[in-house]
Amino acid sequence: MAIKQAFYILVISAVIGFGLNLVRADRIPWVGQWRTLHTGEGPVKPPDPEPGDPPFVTIDQAQLEFNSGGTIFVDARDPEEFDCGTIPGSVSIPFDYLPEGALAPFFDSCFGGIPYDSRIIVFCSGDECDLSIHLARNLQAEGYTDLAIFFGGAREWERFGLPMERRVECGE
Amino acid sequence: MRRIIDNDYLTVISRLVVGVTFIWASVYKIADPLSFANAIWNYHLAPSSLINITSLLMPWVELLAGIGLILGLFYRGSILLINLMTILFLIALGSAVVRGLDIDCGCFKAGGSGKGSALEGFLRDIPLLALTLQLWFSRSRKWMIDRA
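Chains as they are written, first to last, in my numbering: chain P, 1 to 172; chain A, 1001 to 1148.
No lab work stands behind these hints, which were simulated from the structure alone. Only a predicted model underlies this, so the values are computations on that prediction, with no experimental measurement involved. Among the hints, a few may not be true.
[Said to hold, decoys possible] Between beta-carbon pairs, the in silico distance windows are:
(1) P:ARG27 to A:ILE1091: 23 to 31 Å
(2) P:VAL23 to A:ASP1008: 40 to 48 Å
(3) P:PRO163 to A:ILE1091: 25 to 33 Å
(4) P:GLY101 to A:LEU1119: 54 to 62 Å
[As the list claims (entries may be wrong)] Only pairs whose alpha carbons sit at most 25 Å apart, straight line, appear in this in silico DMTMM-like list of lysine to aspartate or glutamate:
(5) P:LYS4 to A:ASP1032
(6) P:LYS45 to P:GLU158
(7) P:LYS45 to P:ASP130
(8) A:LYS1142 to A:ASP1008
(9) P:LYS45 to P:ASP146
(10) P:LYS45 to A:ASP1102
(11) A:LYS1109 to P:ASP60
(12) A:LYS1109 to P:GLU65
(13) P:LYS4 to A:ASP1006
(14) A:LYS1142 to A:ASP1006
(15) P:LYS45 to P:ASP127
(16) P:LYS45 to P:GLU169
(17) P:LYS45 to P:ASP60
(18) A:LYS1109 to P:ASP26
(19) A:LYS1109 to A:ASP1032
(20) A:LYS1109 to A:GLU1120
(21) P:LYS45 to A:ASP1008
(22) P:LYS45 to P:GLU65
(23) P:LYS45 to P:GLU81
Ideal placement from N, C-alpha and C gives every residue a C-beta, glycine not left out.
Bound-form chain A, shown alone:
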């Protein structure tokens, strides 16, 4: 198991998959912070005074941590933030499913086409968490700027 987790190739593929996912997810949120704020509000979890601040801050954390993951720059910090965000998304999506909220996940796109339900988002987040946890525990440090 340890050898699988530490595998250089598996680790670099995980970095690419997770990194691209987070970068991709950040794009619409950066382009349209109001739609993302509305998506956060739909979850009925965050205090309303913090919604707009969150919608301005979080997409950039997603983007920078995603880039950091791929380049291996600020790598441990990036992987920590990505794990925390993935767990946060899992909790938010799971609670939306449990509460029966019929909401758009707000993960990759705001409303319109490509609308994903909270349940779809939740199910998609589980394999994502498996990858981010693998990266957290992997000791592989190949092909990273941090090491150079």
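Chain P on its own, in the form it takes in the complex:
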């Protein structure tokens, strides 16, 4: 009797829990993109940001925000590197190719006119590149308020087995 009742409770829980996830606004995907573990090296530990700079986030935080779906990821690397593999759904804004003159309309067109308080995480290839920091400073100067830098970048994302979006096949 206990097992039969437990089974009923599980079924009712599944119906409510999964059903609610179909209709609620902050629904989560059935299968999340959680990284696999035991990869040897631990996550990259970012340094303290310079005063006034946007904060750094670790891969844990980047992964959590990626799963929640509300965050815009911005790839600051060159277009070739972006095409070879990036965080899925990222916007490509190569820092080295920023146009001369006013940046605000350019950023607006890159993002398709998102509000200035949207959550944005900027990254480049990894801990040796500073494109993400430079780009984040520019975004901040143009009035974007909720910025962060994923310091580990695309390389750490890939190293931890998280999904990559590849537009072209690239050799190593």
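With the hints as your guide, set chain A onto chain P.
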């Protein structure tokens, strides 16, 4: 011993304490499944493909079994599930302590204030298990809807 376990008053107090604990624990998880999924992931135990499903299902099992326990509705099923979950939590928390994981327990709240360590969660789970086992073995069936 048998008489203590079967005591009507002890049993009904245990039902209230355990039931309220499980209902309370389910609230933030139902409100914020992503935070709970992240808490599960932190344990590095569950396969990543099952994490989100677990975070959607388990809080409702906690809530319904907690209600079932207090009302005495689907009582044996509720107490079975609650015992299984308590043992599962004890294993997960214990393994986190042994592996030296510095993680939030994820039991009652996601991150932020009221953060409890895995060791605190483990130690809190031991008296909880004593109560759930007492309920499993108690033959008292007083003040239950199932009997009516």
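Okay, the hints, checked on the actual structure:
1. P:ARG27 to A:ILE1091: 23 to 31 Å: For ARG27 of chain P and ILE1091 of chain A the Cβ distance comes to about 30 Å; the hint holds.
2. P:VAL23 to A:ASP1008: 40 to 48 Å: With Cβ atoms ~42 Å apart, the hint holds.
3. P:PRO163 to A:ILE1091: 25 to 33 Å: The hinted range 25 to 33 Å holds for PRO163 of chain P and ILE1091 of chain A, with Cβ atoms some 30 Å apart.
4. P:GLY101 to A:LEU1119: 54 to 62 Å: holds (57 Å)
5. P:LYS4 to A:ASP1032: violated (30 Å)
6. P:LYS45 to P:GLU158: holds (16 Å)
7. P:LYS45 to P:ASP130: holds (15 Å)
8. A:LYS1142 to A:ASP1008: holds (6 Å)
9. P:LYS45 to P:ASP146: Holds - the C-alpha atoms of ASP146 of chain P and LYS45 of chain P are around 21 Å apart, at most 25 Å.
10. P:LYS45 to A:ASP1102: holds (15 Å)
11. A:LYS1109 to P:ASP60: Between LYS1109 of chain A and ASP60 of chain P the Cα gap is close to 18 Å, so the pair holds against 25 Å.
12. A:LYS1109 to P:GLU65: Roughly 18 Å between the alpha carbons, so the hint for LYS1109 of chain A and GLU65 of chain P holds.
13. P:LYS4 to A:ASP1006: holds (24 Å)
14. A:LYS1142 to A:ASP1006: holds (10 Å)
15. P:LYS45 to P:ASP127: holds (9 Å)
16. P:LYS45 to P:GLU169: violated (30 Å)
17. P:LYS45 to P:ASP60: Satisfied, since the Cα-Cα distance of roughly 11 Å is no more than 25 Å.
18. A:LYS1109 to P:ASP26: holds (18 Å)
19. A:LYS1109 to A:ASP1032: Holds - the C-alpha atoms of ASP1032 of chain A and LYS1109 of chain A are around 10 Å apart, at most 25 Å.
20. A:LYS1109 to A:GLU1120: The hint holds at about 14 Å.
21. P:LYS45 to A:ASP1008: At roughly 55 Å apart (the allowed maximum being 25 Å), ASP1008 of chain A and LYS45 of chain P break the hint.
22. P:LYS45 to P:GLU65: Judged against 25 Å, a Cα distance of about 18 Å means the pair holds.
23. P:LYS45 to P:GLU81: holds (23 Å)
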